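There are 2 protein chains.
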Amino acid sequence: MTDARDTGLRLNPKYDKDGLITAVASNVETGELLMLAHMNAQALAATIETKVAHFWSRSRGRLWRKGEESGNELHVVDLRIDCDQDALWLLVRPVGPACHTGRRSCFFRRVTDEAGLALVDDESAAGQ
Amino acid sequence: MTDARDTGLRLNPKYDKDGLITAVASNVETGELLMLAHMNAQALAATIETKVAHFWSRSRGRLWRKGEESGNELHVVDLRIDCDQDALWLLVRPVGPACHTGRRSCFFRRVTDEAGLALVDDESAAGQ
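Order-wise, the sequence lines are chains G and Z. The first sequence begins at 2 in the working numbering and counts up one residue at a time. The second sequence begins at 2 in the working numbering and counts up one residue at a time.
These aren't lab readings, by the way, just hints derived from the structure by calculation. Hints may contain errors.
In this list, chains with the same sequence are indistinguishable; a pair is considered to hold if it fits within one copy or across any two.
To be verified - Taking lysine to aspartate or glutamate pairs in the EDC-like style, the calculated list, with each CA pair at most 20 angstroms apart, reads:
no. : residue 1 : residue 2
1   : K18       : E30
2   : K52       : D85
3   : K52       : E124
4   : K18       : D85
5   : K18       : D87
6   : K52       : E70
7   : K18       : D79
Everything numeric in this text was worked out from a predicted model, so none of it was measured.
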């Protein structure tokens, strides 16, 4: 079932009860998913205006320009919204590692069932 | 700040208060983000076991094998979890269009500020 929000051309983000929408960023060159975070309307507006990714930090309870401390900004090349307008996709050029652990991507661990259920760190060999 | 969950090699998903974790799927060949949905522990286990994406349908309140009606399954090539283990990334080979609108990706609309804030449908020219 589809409605106007699903296929129409009016931007109408469906914020959750906390006023947030999920946003994921991937590297526009490689397709690698870098991080998942949340935006409120203010963060979305700032992202659109500056073309630098802004999020709402739930832990700090404030607007957060990604890289404001680390310098590792995400420069937004393309911004997309999904069918029911409750998720955003940012295609970005990262200035540096996206993850707070120093990894290139937050998704640096692969789930494997080779030895029960464990994780494999694909970036560890590259150092951090 | 990091802890064992952030960098350790034990799978320890951080489910929200509803028992769900956000999961995004992208095309392993092209890097295109296809969809964002949610999994509970049962959906994650089924995905790992069958290598076909399963989610928890919040609207229907039940386990949902993506493609169970449409046939448009997502075959999971790689499964990753992020630093704080509250998001999953599935790298998939899609059998058909991932979106319920018939589009290849749910993220078929680009946000543009060229004429105020509107959306551009990048897949419409290709038909649906």
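Which earlier hints turn out false for this structure, listed by number in ascending order? 1, 2, 3 and 7
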